[in-house]
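S.K.: Listed here are the chains, written in short residue letters.
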Amino acid sequence: MAHIETSRFGKLEYYDKDLLLFPEGIPGFTQCTKWIIAGEESHFIKWMQSVEYGDVALPVTSPEFVDPKFHLKIHQEELDFLGAQEKGDLFVLVVVRIPPEMPWEMTANLAAPVVLCTTTRKGRQIVSSEDQPRFREYVFPEETRIAMAEEYQKVSVNPSPEYPEETLWEENPHAGPDA
Amino acid sequence: MLVLTRKKGESLVIGENIHLKIADVQGDTVRLAIEAPRSVSIWRQELWESIVQENKEALGGADPATVRLLFQKHKPESRK
Numbered sequence: 036m037a038h039i040e041t042s043r044f045g046k047l048e049y050y051d052k053d054l055l056l057f058p059e060g061i062p063g064f065t066q067c068t069k070w071i072i073a074g075e076e077s078h079f080i081k082w083m084q085s086v087e088y089g090d091v092a093l094p095v096t097s098p099e100f101v102d103p104k105f106h107l108k109i110h111q112e113e114l115d116f117l118g119a120q121e122k123g124d125l126f127v128l129v130v131v132r133i134p135p136e137m138p139w140e141m142t143a144n145l146a147a148p149v150v151l152c153t154t155t156r157k158g159r160q161i162v163s164s165e166d167q168p169r170f171r172e173y174v175f176p177e178e179t180r181i182a183m184a185e186e187y188q189k190v191s192v193n194p195s196p197e198y199p200e201e202t203l204w205e206e207n208p209h210a211g212p213d214a
Numbered sequence: 071m072l073v074l075t076r077k078k079g080e081s082l083v084i085g086e087n088i089h090l091k092i093a094d095v096q097g098d099t100v101r102l103a104i105e106a107p108r109s110v111s112i113w114r115q116e117l118w119e120s121i122v123q124e125n126k127e128a129l130g131g132a133d134p135a136t137v138r139l140l141f142q143k144h145k146p147e148s149r150k
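Going down the list, the protein sequences come from chains A and B. Counted from 1, the first sequence has number 151 at position 116 by our numbering; the numbering is strictly sequential. Counted from 1, the second sequence has number 79 at position 9 by our numbering; the numbering is strictly sequential.
Rather than coming from a laboratory, the hints here were simulated on the basis of the structure. Remember, predicted model here, so these are calculated numbers, not experimental data. Ideal Cβ positions, reconstructed from N, Cα and C, are used throughout, including at glycine. Heads up, a few of these hints could be off.
Stated by the list, open to error - Residues from chain A shown here face chain B by an in silico Cβ test under 8 Å; the list is partial:
no., residue
1, P62
2, W82
3, P94
4, V130
5, I133
6, A147
Could you build the full structure based on these sequences and the hints that come with them?
M.R.: This is how it looks when you write it as structure tokens:
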């Protein structure tokens, strides 16, 4: 068993058999050739954690969560590269961009999915040949995003018990602190 | 960076086993024919750049603790 010190998960232990092998890395991270999947079983967001660079981890999810009709278009050459006999050997993930200030606005890159072969554990980020590539597809539908944004606002606008005066002061710049 | 000039029909050999041929030239458009092993991926530059950009933004996004906390109540229904 090996381990990696990570910035997001602390010390992570793993077996070599759990490694995902990316001979070319992924675009922007061509030096990262070995990854593992970290994160909670039940959570829809998992993390592709590099075992060579502890601070490199990308949120990923299943493309069907984002678009139930997602269909992977992949060339034979790519199947050959991954060592896959057929599409059924493949496991697909998409990279998710989560804006820190507005996490409900998260988007998934359906145009460039991460494709893994379950039999060889080889992976590659490919361009799925869609007519209109969707690099930033919202994960949540609009109604949900609006609802989550409102819920988040309610939590932030209620001033924390320690600083009620300062919040009022900021909202009404013409009023003095004694107003 | 190496800069070469080739005419239509001429080729380049890169490394041991990448062959690049200028298949056709029409005005300012060049059609390239590339023979390479499956292990070598070939990208249009602008596409490569966008994916690098998207991956880097994903890296800089919210951390697991924030994500877990905020989405305890909300998860996209498995829309199958």
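S.K.: Now look at each hint and say whether the structure bears it out.
M.R.: Okay, the hints, checked on the actual structure:
| no. | hint | in the structure |
| --- | --- | --- |
| 1 | P62 | 4 Å, holds |
| 2 | W82 | 6 Å, holds |
| 3 | P94 | 6 Å, holds |
| 4 | V130 | 5 Å, holds |
| 5 | I133 | 4 Å, holds |
| 6 | A147 | 5 Å, holds |
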